[in-house]
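Engineer: Sequence:
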Amino acid sequence: MPWADGHDEQSTRELLASSETKWESGELYNYVVAENGELIGMCQAYRAEPRGCRLGYWLHPCAVGRGIATRATAALAKEMFALADVGYLEIAHDVANAPSRAVPRRLGFTELRREQAPPPAAPSGCGIDLIWRLNRPATGGTFPGGRAGGTNSACSTAST
1 MPWADGHDEQ STRELLASSE TKWESGELYN YVVAENGELI GMCQAYRAEP
51 RGCRLGYWLH PCAVGRGIAT RATAALAKEM FALADVGYLE IAHDVANAPS
101 RAVPRRLGFT ELRREQAPPP AAPSGCGIDL IWRLNRPATG GTFPGGRAGG
151 TNSACSTAST
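Read in order, the letters of the sequence shown are residues 1 to 160 in UniProt numbering.
If you are wondering where the hints come from, they were derived from the structure by calculation, not from laboratory data. Treat each hint with caution, since some may be false.
Computed Cβ-Cβ distance ranges for the label pairs, DEER-style [claimed, not checked]:
hint	residue 1	residue 2	range
1	P137	L16	26 to 34 Å
2	P119	L15	15 to 23 Å
3	A138	L16	31 to 39 Å
4	N97	N135	29 to 37 Å
5	N135	E14	34 to 42 Å
6	C126	L16	28 to 36 Å
7	Q10	R133	36 to 44 Å
8	L39	R114	30 to 38 Å
9	T110	Q10	38 to 46 Å
Quick reminder that beta carbons are idealized off the backbone N, C-alpha and C, glycines included.
Using the sequences and the accompanying hints, generate a full structural model.
Structural biologist: Have a look at this one:
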């Protein structure tokens with residue numbers, strides 16, 4: 001049965017198999033974001049460089065503006081910093097995306113640079129990405145957004 005976006009069950013199986021292989025290799029970590037058992041978004045981390053990971057997050061419009069992306073990204077950051085070889089995390093978003101800008105700001109990331117976004121640009125975007133960075137906390141330290149508490153939102157693996 002085709003999904004509303006044109007994907008079918010076979011392409012979904014292929015995506016999940018690919019995600020599992022990339023998870024096992026440490027290349028890409030996909031998580032679903034759920035609230036009360038309902039899928040409302042996704043977050044992921046992938047290797048940008050040997051010591052760094054880039055984080056991304058997406059939410060259904062009904063879930064925006066309630067701190068869910070911030071909590072999910074905090075949980076993801078905590079998981080990535082649990083890996084001994086991750087020295088820093090980065091988040092990139094279109095400069096025009098104010099809700100996405102709030103997430104790294106709340107979690108203590110520092111604005112690093114602006115760069116041309118890879119195509120395709122988001123329809124509401126301007127094509128310039130804002131890059132944020134958070135370095136690994138000192139031994140025993142936590143980052144400001146390091147607690148992923150809150151409501152019934154959860155970040156769990158998409159490959160299972």
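Engineer: Hint by hint, say whether it matches the structure.
Structural biologist: We went through each hint and held it up to the structure:
1. P137 with L16: 26 to 34 Å: holds, 33 Å
2. P119 with L15: 15 to 23 Å: 21 Å Cβ-Cβ, so the 15 to 23 Å window holds.
3. A138 with L16: 31 to 39 Å: Taking Cβ atoms as reference, A138 and L16 lie about 37 Å apart, which means the hint holds.
4. N97 with N135: 29 to 37 Å: Given about 23 Å between the Cβ atoms, the range is violated.
5. N135 with E14: 34 to 42 Å: Check passed, 36 Å falls within 34 to 42 Å.
6. C126 with L16: 28 to 36 Å: Once the Cβ atoms are compared, 33 Å apart, the range 28 to 36 Å for L16 and C126 holds.
7. Q10 with R133: 36 to 44 Å: With a Cβ separation near 38 Å, Q10 and R133 satisfy 36 to 44 Å, so the hint holds.
8. L39 with R114: 30 to 38 Å: The hinted range 30 to 38 Å holds for L39 and R114, with Cβ atoms some 32 Å apart.
9. T110 with Q10: 38 to 46 Å: holds, 43 Å
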